[in-house]
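Peer 1: Sequence:
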Amino acid sequence: MEYSELLELAEKEQKSQKPIRVHCCTSTGCVASNSLGVKDQMDAAVKAAGLEERVQVVGVGCMGFCGRGPIVEVEPAGLQYEKVTPEEAPSIIEALNGGEAKPVLGDRNHPFFSGQLLIVRENSGKIDPEKIGEYIAVGGYQALHHAVYEMSPAEVVAEITKSGLRGRGGAGYPTGLKWATVAKMPPGQKYVICNADEGDPGAFMDRSVLESDPHRILEGMAIAGYAVGATQGYIYVRAEYPLAISRLQKAIQQAKRQGILGSQVFGSGIDFRIDIRVGAGAFVCGEETALIASIDGGRGTPRPRPPYPAVSGLWGEPTLINNVETLANIAPIIKKGSDWFSGIGTEKSKGTKIFSLTGKIRNTGLIEVPMGISLRKIIEDMGGGIPGGVKVKAVQTGGPSGGCIPAEHLDTPVDYESLAQLGSMMGSGGMVVLDENTSMVQVAQFYMEFCRGETCGKCVPCRTGTVQLYQMLTKILNKQATTADIEKMKLLSEMVKATSLCGLGQTAPNPVLSTLRYFPEEYEALLQPEESGRVSGS
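The sequence shown lines up with residues 1 to 538 when you count with the numbering used here.
One thing to keep in mind: the hints can contain errors.
Unchecked claim - Ranges between beta-carbon positions, derived for each pair:
1) K83 - G267: 45 to 55 angstroms
2) Q471 - P387: 33 to 43 angstroms
3) K102 - K479: 47 to 57 angstroms
4) E87 - A420: 42 to 52 angstroms
5) L105 - G188: 57 to 67 angstroms
6) K479 - S312: 48 to 58 angstroms
7) E436 - R299: 42 to 52 angstroms
8) P186 - G259: 27 to 37 angstroms
9) S152 - Y173: 17 to 27 angstroms
10) G457 - S312: 43 to 53 angstroms
11) L243 - P111: 24 to 34 angstroms
12) E150 - R299: 37 to 47 angstroms
13) Q253 - T231: 34 to 44 angstroms
14) Y308 - S114: 34 to 44 angstroms
To be verified - Only pairs whose alpha carbons sit at most 27 angstroms apart, straight line, appear in this in silico BS3-like list of lysine-lysine:
15) K47 - K162
16) K162 - K131
17) K336 - K348
18) K18 - K250
19) K335 - K83
20) K126 - K102
21) K336 - K12
22) K47 - K83
23) K335 - K184
24) K250 - K335
25) K348 - K184
26) K162 - K335
It is worth saying that the hints were derived from the structure and are not from the lab. The beta carbon of each residue, even a glycine, is placed where N, CA and C say it ideally should be.
Using the sequences provided together with the hints, build the complete structure.
Peer 2: Okay, structure coming up:
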């Protein structure tokens, strides 16, 4: 496909769209609340009213405000309806002819949206994720064409490096440095892998992006492949995401038919193919060496590093691994420039970050915010605080790898360094709000139970240490522990962090250590009576 053909396809798609578009969320969260039934009823209502030439009902991706789904939006009127049922759905179409819509009318100026800046999610809820024409109509694949025809691979790597983009999978490693390492390896077989093995409790950011804008991921991978000299890409996605897998498969087929993926990308001499590999749901396969072992056909267990995957990865070849959100940032950076991207966020944490805002909070869903925004802005303003006047006790960030940040630190800016200083981490973007009635010891036990069940068992510190930590927490909750048990738990936590083979074990004790640090009185209250008053939060 030539660039002129790409623009012609975009223009053709735009002309085919009806004057009125009724967007209905068809991502997993809303589908669970029967949004497909809502869409079917609106389709039938359009036909019954004879509005086919004027009105188009479009199944779109996630609109973010998941707690209010299913959501329907009418464009260009800018109307938003919340918690729509199939019974109410036809009235939305009838209202276009002067009737009255029955569903609750939402507010696009709601505080939930006030602090958001959409880069990764700019197309989510606005285009049909199953039609490549709609992606192209909003500028899709222009960045890939620009990179292939107007930039050298080295220039692409330099642009990503200059942007300051850091990996959004958890550790925050500089993306440009990782790309440069793979690019400088000798010519030959190289691979690009999209890590879509999202497994944190309460996290659904990657799933939403894959379901809402799959072509954005394919474009990012193709640009990465061109930059580092790879001709084959793999998307490793967990089997629990069937809708994401289905939409990715359709997107890959469509891109191949248009000559965007496969041999001769955009008619150039560049080849890049993408295939999907489905994981069996092991949390440890989110770790890059375990993921590689799984794609290799082996058991998903990590291996010591070095060598790092950038030097020796999939089938022993140089391999670039980035997560979904990282790759979704690539096309906007190439299209708008590194200076634009680096102007967003903080000095060391550039751009935006997607969080799944869940827990004991009024407004739940997905938010994309600039790095540096405060936890208080997210929880109290955007999240609306906790219903019933109950106070916030803590916020858990980073999933099982993160920590619990107490309410007195809610003015902390959300960036990699600030969260780490508090004993937590950015992680992939889970953010669970806990209220004053929550037992922090039970929270620590919950996450340790998760890690105990998800350890691959390869290294002793993680395999046995997580079990012992879980048993110690259970002993405390049963009011059978002493101060000596608490001290043993601290020592064991530090040992597991220092000696585990991969990131699972190295971060598993974080919820324990952070709750001991900030909520020692809750542990003290559960000790045997003669031990009270002797627990230190250090």
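Peer 1: Does each hint hold? Answer for all of them.
Peer 2: Right, here's what the structure says about each hint:
Between K83 and G267, the C-beta spacing of about 48 angstroms keeps the proposed range 45 to 55 angstroms intact. Judged by the Cβ atoms, the range 33 to 43 angstroms given for Q471 and P387 holds: they are separated by roughly 35 angstroms. Hint check: K102 to K479, Cβ distance near 53 angstroms, so the stated range 47 to 57 angstroms holds. Taking 42 to 52 angstroms as the suggested C-beta distance range, the pair E87 and A420 conforms, at roughly 49 angstroms.
Against the hinted window of 57 to 67 angstroms, the Cβ-Cβ separation of L105 and G188 comes to about 59 angstroms, which satisfies the hint. Separated by about 51 angstroms at the C-beta atoms, K479 and S312 satisfy the suggested range of 48 to 58 angstroms. Restraint check, E436 to R299: a C-beta distance of roughly 44 angstroms satisfies the suggested window 42 to 52 angstroms. Between P186 and G259 the Cβ separation comes to about 29 angstroms, which falls inside the hinted range of 27 to 37 angstroms.
In this structure the supplied range 17 to 27 angstroms holds for S152 paired with Y173, their Cβ-Cβ distance being about 24 angstroms. At about 24 angstroms, the beta-carbon gap between G457 and S312 misses the expected band of 43 to 53 angstroms. Checking the proposed 24 to 34 angstroms range against L243 and P111 shows it holds: the Cβ atoms sit about 29 angstroms from each other. Checked against the hint of 37 to 47 angstroms, the pair E150 and R299 passes, with Cβ atoms roughly 44 angstroms apart.
Checked against the given bound of 34 to 44 angstroms, the beta carbons of Q253 and T231, roughly 19 angstroms apart, lie outside it. The hint said 34 to 44 angstroms for the Cβ distance between Y308 and S114, and at roughly 41 angstroms that hint holds. About 52 angstroms separates the Cα atoms of K47 and K162, which puts this hinted pair outside 27 angstroms; it is violated. Between K162 and K131, the direct Cα distance comes to roughly 33 angstroms. Violation of the 27 angstroms bound is thereby established for this hinted pair.
Proposed proximity of K336 and K348 is supported: the alpha carbons are some 20 angstroms apart, at most 27 angstroms. As the CA atoms of K18 and K250 are separated by approximately 24 angstroms, the hinted pair is consistent with the 27 angstroms bound. Straight-line distance between C-alpha atoms of K335 and K83 comes to about 36 angstroms, which puts the hinted pair past the 27 angstroms bound. As the CA atoms of K126 and K102 are separated by approximately 23 angstroms, the hinted pair is consistent with the 27 angstroms bound.
Distance check on the hinted pair: K336 and K12 sit about 24 angstroms apart at the alpha-carbon level, within 27 angstroms; holds. Using a Cα cut-off of 27 angstroms, the hinted pair K47 and K83 holds, with the two alpha carbons roughly 23 angstroms apart. Restraint check for K335 and K184: the C-alpha separation of about 24 angstroms stays at or below 27 angstroms, so the hint holds. Between K250 and K335, the direct Cα distance comes to roughly 25 angstroms. Compliance with the 27 angstroms bound is thereby established for this hinted pair.
Note on K348 and K184: the hinted pairing holds, with a Cα-Cα distance of about 25 angstroms set against a maximum of 27 angstroms. Proposed proximity of K162 and K335 is supported: the alpha carbons are some 14 angstroms apart, at most 27 angstroms.
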